Amino acid sequence: MTDPVLAVHGLTKSFGALTACDGVSLDLRPGEIHALIGPNGAGKSTLIKQIAGEIAPDAGTIHFLGRDVTDLDAAARARMGLGRSFQISAVIPEFTVLQNVILAQLGAEGRVFRFLRAALSDRRALGRARDQLERVRLAHRLADRASEISHGERRRLELAMALALRPRAFLLDEPMAGMGAEGVVDMTALLDSLRFEAPILLIEHDMDAVFALADRISVLVYGALIATGGVQEIKRNRAVQRAYLGEEEVA
Amino acid sequence: MKREPLVNAALFLSLPAVALWAVSTDEPFTITLATRTAILALAGVGLNIALGQGGLVSLGHAAFFGLGGYAMGVLASHAQTQTPILEWPVLIEGATSMPLIWLVAMAVSALAALGIGALSLRTSGVYFIMITLAFGQMLYYFAISWPAYGGEDGLSIHLRNSFPGLNTLDPIQFFGLCFVLLCAALLLSARLKRSPFGLALNAARQNPLRVRAVGVRPFSLRLTAFVISGVITGLAGALFADLNRFVSPSMLSWHTSGEIIVFVLLGGVGRLFGPVAGAGLYILLEQLLDGVSDYWQVFLGALLLTVVLIARGGLIGALAGSEVAHD
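Read top to bottom, the protein sequences are chains A and B.
Quick note on our numbering: the first sequence kicks off at 86 and runs consecutively.
Quick note on our numbering: the second sequence kicks off at 90 and runs consecutively.
Looking at chain B on its own, in the form it has when it is part of the complex (with noise of 0.2 Å):
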């Protein structure tokens, strides 16, 4: 139980390790993968509060990855073209600064996962999964078939937005913007699972009755769980939409989904680090094997196999023991 937060903090620092390597190096390319590994851990962050401490299996996080990349997209491509969003009754018009972009990803993000969470948590179980696969599949066949911002094809963006002080055009810079971001939800994460909310989401998982019993309405609490969830997910797609300066709707689709699903599942479910090693795992195993198949992802595939059937704590349960640290 005492090595967690030793493997934690190693996976963790490697992560900004290999950032600096590489620019000392002069490897931009090693750069954006450390990058996108932090911005798809975030990803993974935001749904493990949900899968992790809630036990909702939300097969639609690809929505509000999508989403934010949306809210991105759609903010510069009006910048862009210096043609305003809306003009009546009030005008809306493009922007490039991040901060602004963050806070709009994350609100559309917030109110579509109060939507979808308000209908899809009255199930539970194979339905609730089904609910938000098909959430997230309605919002991607909307996007390929709506022309305004590129439909099928997606949409760029020439150059990356901007944040006060930093020149987001050089990738290290750029990186340790991401870096920091995950670095304050792992915090948020980890200060909500020991909060009374987290207590009582984390006893929801476990026994609803009971819950009940106490006068907490499961339900509240994991629509809350649920908001918090896509909101940090949603961040994450506004990060990856401005790393790729492209966004275009296959990150809405259910693979997206799938693909979170396996960094929190590869790391160990639950684990507050889990999103960071399964994400940085991910990567790793697309450069490594890529070169050696087209099908890297058969091995990936294998590899789940492993991690459901046998070292169920995930690569952290492997390196820290299978016990989940509790209070």
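Just chain A, same shape as in the assembly (with noise of 0.2 Å):
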């Protein structure tokens, strides 16, 4: 088996009384959609946020490309590739759609401490980020600005966004969080083709959209991880069906 991508190991976080991430270990392989489910408040986003490097851990580890990166800080780890999708929407609302993507790239090519040339001057860059829009399908909306593009193209404006750290992978929070039914087949076939640019660690309510794409699924309840497996097994799991899918599909 190849080495995975992204490893977590033993990941603890308590706030107070709270145990919101209890001990949890996941791997994410080269090539594979692994999506992450849970009811509301089982500490998916807290799990998410201490793999970004947003929340520090109060034990174990992560280690991103064989490195362990647990105690990096959020811009380091995006540096080195791990490209983020948020629950709401991140995006900086007074720029254009380009303008954004282009601040991506100088993000991730370390090159934003230059302070006299133009930033939107470099004919390279500005290719890239349109080849970027156009694997989005927001190329026709460039000229536009962030706050006024509409709420399903800024979720594809994000994933543009991560696509210019040129990712090794893909953290992606709910991306079809509040989109209608077309909304979301267009962003599963676009998630789907993503995959082969780096793998995807998919957060997601939308069970149709997950059973789709995901490679393997895991299943969080309050804080831990209660199963890891194919769609099949997950489907067939009796503490995943009392847990999350329902009592009903049981019968």
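It should be emphasised that the hints constitute simulated quantities derived from the structure, not laboratory data.
The structure displayed is predicted, hence computed values, not measured ones.
Glycine included, every Cβ here is placed at the ideal spot set by N, Cα and C.
Please note that the accuracy of each hint is not assured.
Stated by the list, open to error - From the structure, some residues in chain B lie toward chain A, with a derived Cβ separation under 10 Å: (1) 226; (2) 280; (3) 286; (4) 301; (5) 303.
Assemble the dimeric complex from its two separately framed chains, guided by the hints.
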């Protein structure tokens, strides 16, 4: 078996008396989509924030590309190629779509501390940004402000920004949240194509999308993983059925 | 949006126009006013990099303005009395050369901004405002209580410092010098705004979380911006002290910080030429209304309220439209 791109071991995080993350271990292998599901409040967001480096775990380790990144901050992990999208779209609202992608490129390449040349004058960078926007079908919107595009387009812009990092792994927090049925179908197709770019750790509530996309699924309940496995395996797992998928399906 | 460059150019050129008109009608006081406007605008251009581009509301920029002023005062007063500043371990003598004084003023401001920024930028919002204010006031009280350089009375310099090839005592020549420096700072500010650094700084103001997620630390961006900002304001302080041939603790007081913020607000936060418009309007009001009432700042207060409540874009916004230009 090939080495995992991302390996989380024994990750634990408490907020006071609440254990939001309880000894979680999981990994992300090359080429796969690994979905992380669980009821509201199961600690999915806490887990993904620790993996991204936004909050520090109380215990446990995170390895990315074979390196222990537990003590690195979010910016350092992003520069290593951890591409992130947020549960609530996080883009730069006053910037144009193109400026957002250029920002991601500059950040990823560590070229931010340049003071005199115009940021939008580098033709090669602009060309690459257009390609990335093409990938997420936003090229027609590149001159529009990020605050003026639709919700679904903003989600795709986040993906373009993650792509601009030349990611080695994607960390996507509910990319379909708040989308209509059509948007979900589009996004599912898009994510399906992204797995060839880099493996995806996907938090998602939309079960149709998860079952269509995921190679493996991990189920998080009250901060602890109760199961990890393939789609059929998870569908059949009794503990998962009880905790998550609803009793009616057991019958 | 296309009107903004025109408004900028008109406002900007009115400054040398007034100065030159004052030369032809032999009104040195008016030239001094134009010079003061240029210097205060320069201080505002400095603050605007932190405030407008970085969203950092510093209520401590008087620290840099005053340090620049004292850099000039200390160097020139030692040159005046022909006593060295330091004899051991190295001999440091006073100076009356403006380029040298500017370099010292900018270096001192940079160091101070690095120290103050490194500590205060760990906070944000109202805490940041209070900490920068506290640092400014610390320097203010230090200057008051330090007798070596005049304490509360400040320091007078008999002769304006020199610049190679110019007679700085000629008001219009000194104006020219200040105006050129203002131009340079505006050019730098404009380049900065469009550079990768400016883009990232502006992004960090809007969404620091996203900036981290693309591999950039907002703290480093803000600290760099704070230092550049402090350096420009420090240079303005050195010029201001030279204009008055006097430096006193009041340059360090929070009133001064407030005034610099007012220039930026009046002109329009984040507008390149905002501080020029703001400083110009401020001086104009001061001259026009001071004759009407001793309490002219009441009118200034009313105007400020209007700007904050109604015309967010300041003077430039009112003249050129509220849309901030973007590429």
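Taking the hints in turn, this is what the structure says about them:
The beta carbon of residue 226(B) is not positioned within 10 Å of any beta carbon in chain A (closest approach about 32 Å), and the interface hint is therefore violated. Interface hint status for residue 280(B): upheld, as the beta-carbon distance to the closest one in chain A is roughly 5 Å, under 10 Å. Interface hint status for residue 286(B): upheld, as the beta-carbon distance to the closest one in chain A is roughly 5 Å, under 10 Å. Contact between residue 301(B) and chain A, as hinted, is supported at the beta carbon level, the nearest pair being about 4 Å apart and thus within 10 Å.
Restraint check, residue 303(B) versus chain A: the minimum CB separation of about 4 Å is within 10 Å; hint holds.
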